[in-house]
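Asker: Listed here are the chains, written in short residue letters.
There are 2 protein chains.
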Amino acid sequence: MSLLITGSIALDSVKTPLEEHHDLLGGSASYAGVAAGFFTDVNLVGIVGSDFPQPYLELYQKHRMNLDGLEIADGKTFRWSGEYEWDMNNRRTLSVALNVFEKFQPTLPASYRHTPYVFLANIAPQLQLHVLAQMERPRFVVADTMDLWLEIAREPLMELLKKIDCFILNESEARELMKETNLIKAGRGILKLGPKYVVIKKGEHGCLLFGEGHVFSAPAYPLEDLHDPTGAGDCFAGAFAGYLASVDRVDAVSLRNAVIYGSVIASFNVESFSLGRLQTLTPRDISQRYEIFRAMSQFVAG
Amino acid sequence: MSLLITGSIALDSVKTPLEEHHDLLGGSASYAGVAAGFFTDVNLVGIVGSDFPQPYLELYQKHRMNLDGLEIADGKTFRWSGEYEWDMNNRRTLSVALNVFEKFQPTLPASYRHTPYVFLANIAPQLQLHVLAQMERPRFVVADTMDLWLEIAREPLMELLKKIDCFILNESEARELMKETNLIKAGRGILKLGPKYVVIKKGEHGCLLFGEGHVFSAPAYPLEDLHDPTGAGDCFAGAFAGYLASVDRVDAVSLRNAVIYGSVIASFNVESFSLGRLQTLTPRDISQRYEIFRAMSQFVAG
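Residue numbers (our numbering), protein chains in the order written: chain F, 2 to 303; chain Y, 2 to 303.
Rather than coming from a laboratory, the hints here were simulated on the basis of the structure.
Treat each hint with caution, since some may be false.
Unchecked claim - Taking lysine-lysine and the BS3-like style, the derived pairs with C-alpha atoms no more than 27 Å apart in a straight line are:
hint : chain 1 : residue 1 : chain 2 : residue 2
1    : Y       : 163       : Y       : 180
2    : Y       : 203       : F       : 203
3    : Y       : 180       : F       : 203
4    : F       : 186       : Y       : 203
5    : F       : 186       : Y       : 16
6    : Y       : 203       : F       : 180
7    : Y       : 16        : F       : 180
8    : F       : 16        : Y       : 186
9    : Y       : 186       : F       : 203
Stated by the list, open to error - Label-pair restraints from in silico Cβ distances:
hint : chain 1 : residue 1 : chain 2 : residue 2 : range
10   : Y       : 152       : F       : 59        : 53 to 59 Å
11   : F       : 22        : Y       : 163       : 41 to 47 Å
12   : F       : 18        : Y       : 110       : 53 to 59 Å
13   : F       : 253       : Y       : 94        : 39 to 45 Å
14   : F       : 56        : Y       : 197       : 48 to 54 Å
15   : Y       : 215       : F       : 194       : 38 to 44 Å
16   : F       : 249       : Y       : 215       : 33 to 39 Å
17   : Y       : 59        : F       : 215       : 37 to 43 Å
18   : F       : 288       : Y       : 293       : 26 to 32 Å
19   : F       : 95        : Y       : 103       : 54 to 60 Å
20   : Y       : 152       : F       : 88        : 16 to 22 Å
21   : F       : 16        : Y       : 164       : 44 to 50 Å
22   : F       : 163       : Y       : 54        : 52 to 58 Å
23   : Y       : 289       : F       : 194       : 29 to 35 Å
Said to hold, decoys possible - Residues from chain F shown here face chain Y by an in silico Cβ test under 8 Å; the list is partial:
hint : residue
24   : 88
25   : 216
26   : 224
27   : 295
Glycine is no exception: its CB is placed at the ideal position from the N, C-alpha and C atoms.
Throw the hints in and build the complete structure from the sequences for me.
Answerer: See the structure below:
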């Protein structure tokens, strides 16, 4: 089954203690879309400016992304620039220029409205709701978010939570949303706000999947060399939703495997800047790393 | 096979935001010994004062602990008092009185010297070395530590690392020891300092076991109600070593199961103050929780 993805599309400048790169393909929809494309066809909904490089459009298409819902507007593409410190966990935003993204209020192509799986990547919850409202009875809806929306758009976010099946957020966002330091309580609390499933990403500590009456704990890939953490969460969520769409089944086994495939794709993505590593990723790379995840979390003999 | 354990024995006063208790049985050897006693016979090496309550000696014996190596000295037992904040992750030591522990320099009973498995619970590395030097060719030696020794006894700690098989420490200690923020690099780095295996405890994030060429990632039990975290690490390590002694086999499968059994016992221990919960713990409780660990970390179908 195919997957609709909406989110931001940006040209990024990223600085780490060792390297600096400009005009990289970025934004939550770019990362999520390319990640999902390893599993299924993607209907992209987004906006770019007339300065958006043609090679990036070709890159999208190479990764099974349908661009009928991509608006190319007069003006400049959304630009973001950020810097990482030595431990790569702290990111500082240096500048943001919304540009054409400021007027993003998409009308979905008719051909998109019946897409059975939906991933609302990180953008303002008002926009996530706006896109979701145009979908005709989607089978499974996943949404991501970021700390900013908890702070400035809590009300639409709470409304969104009632309309989605699975909510993905990171550890600190979960604690902040529920005003609760115990992560298990926070995860179970979020289930009561609407979604049937909650995934809490814990970075180097892996992630937790909560459903009614069960918790799944996934390890993180034992990464030693992190080159650029940008987009890891978007790749995780895109691959998670893409995998579910590809198997077209939502149950304990498929959800857990979706978490692992999400972790696999995210672990590759941080090995180079922007979407560099995913450009050369093969199905064999993916299955080998899936096997490493299995091997590192199994403890029963035999 | 039996397990020799040395470490501290204390009378604790513990304050949490909700409760306060005094003269509790505490110390690394008490927690580790009772935890190990669920799996194997324990030869205890420690020191207490003449004020040490008789019921605590009986408690030790009830938990398969041989007290031939327990010195009852004139004077007072080691006392510790601490306080936890609301999130239960931050502990503040309010007072420490070493008392008889200050002159702890044990001579092991002859009957102890051939104990095949050894766990050096958290005490000064000089003391851990002193006990280890009296052992006759032990089969497997596990040692725990704490941040204090990294700061004030780094040299004997480095000497200890060359003489043990498995080193257990927590996340922040691992980063501090190796001056390395990446936990995977830190764990692999510690292997180069001597031990064949390293276990890094990550609290609510579970733990990592490192051996040459492999990593095992264990989840944490999804605890919602933490009453007293004191001794969780000691229980983990005691049960880990006790399980290995009980199966008398050290390989990938037994080590991974030891990590899980360590996590199981530690997860029970924090449910009440001191060793309260472990007093009523049954083999059925243990196997049920082991099964929860299995269920929450499995993702392959079938």
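Asker: A separate judgement is required for each hint: does it hold in the structure or not?
Answerer: For each hint, the structure was consulted:
1. Of the supplied pair hints, the one linking residue 163 of chain Y and residue 180 of chain Y holds, its CA atoms being roughly 19 Å apart against a limit of 27 Å.
2. At roughly 12 Å between alpha-carbon atoms, residue 203 of chain Y and residue 203 of chain F fall within 27 Å of each other, so this suggested pair holds.
3. Restraint check: the Cα-Cα separation between residue 180 of chain Y and residue 203 of chain F comes to about 22 Å, which is no more than 27 Å; the hinted pair holds.
4. A distance of roughly 18 Å separates the Cα atoms of residue 186 of chain F and residue 203 of chain Y; the hinted pair therefore holds under the 27 Å criterion.
5. A C-alpha spacing of about 23 Å is found between residue 186 of chain F and residue 16 of chain Y, which places the hinted pair at or below 27 Å, so the restraint holds.
6. At roughly 22 Å between alpha-carbon atoms, residue 203 of chain Y and residue 180 of chain F fall within 27 Å of each other, so this suggested pair holds.
7. Between residue 16 of chain Y and residue 180 of chain F, the direct Cα distance comes to roughly 23 Å. Compliance with the 27 Å bound is thereby established for this hinted pair.
8. The hinted pair formed by residue 16 of chain F and residue 186 of chain Y meets the criterion: a straight-line CA distance of about 23 Å does not exceed 27 Å.
9. A C-alpha spacing of about 18 Å is found between residue 186 of chain Y and residue 203 of chain F, which places the hinted pair at or below 27 Å, so the restraint holds.
10. Separated by about 56 Å at the C-beta atoms, residue 152 of chain Y and residue 59 of chain F satisfy the suggested range of 53 to 59 Å.
11. In this structure, residue 22 of chain F and residue 163 of chain Y meet the distance hint of 41 to 47 Å, their C-beta atoms being roughly 44 Å apart.
12. Distance hint check for residue 18 of chain F and residue 110 of chain Y: the Cβ-Cβ separation is about 56 Å, which falls inside the suggested range of 53 to 59 Å.
13. Under the hint 39 to 45 Å, the C-beta atoms of residue 253 of chain F and residue 94 of chain Y, about 44 Å apart, fit the expected range.
14. The hint said 48 to 54 Å for the Cβ distance between residue 56 of chain F and residue 197 of chain Y, and at roughly 50 Å that hint holds.
15. Distance hint check for residue 215 of chain Y and residue 194 of chain F: the Cβ-Cβ separation is about 40 Å, which falls inside the suggested range of 38 to 44 Å.
16. Distance hint for residue 249 of chain F and residue 215 of chain Y: a CB-CB separation of about 35 Å, consistent with the stated range 33 to 39 Å.
17. A C-beta distance of roughly 41 Å is found between residue 59 of chain Y and residue 215 of chain F, which places it inside the suggested range of 37 to 43 Å.
18. Roughly 29 Å separates the CB atoms of residue 288 of chain F and residue 293 of chain Y, a value that falls within the hinted 26 to 32 Å.
19. At roughly 55 Å, the beta-carbon separation of residue 95 of chain F and residue 103 of chain Y lies within the given 54 to 60 Å, and the hint holds.
20. Taking the beta carbon of each, residue 152 of chain Y and residue 88 of chain F are about 21 Å apart, inside 16 to 22 Å as hinted.
21. Distance hint check: the CB atoms of residue 16 of chain F and residue 164 of chain Y are about 45 Å apart, consistent with the given range 44 to 50 Å.
22. Take residue 163 of chain F and residue 54 of chain Y: their Cβ atoms lie about 56 Å apart, and the range 52 to 58 Å holds.
23. At about 30 Å, the CB distance of residue 289 of chain Y to residue 194 of chain F agrees with the hint of 29 to 35 Å.
24. Contact between residue 88 of chain F and chain Y, as hinted, is supported at the beta carbon level, the nearest pair being about 4 Å apart and thus within 8 Å.
25. The criterion of a C-beta within 8 Å of any C-beta in chain Y is met by residue 216 of chain F, whose closest approach is roughly 5 Å, and the hint holds.
26. Here the hint on residue 224 of chain F is kept, as its CB sits about 6 Å from the closest CB of chain Y, short of 8 Å.
27. A distance limit of 8 Å between C-beta atoms decides the matter here; for residue 295 of chain F the minimum to chain Y is near 6 Å, and the interface restraint holds.
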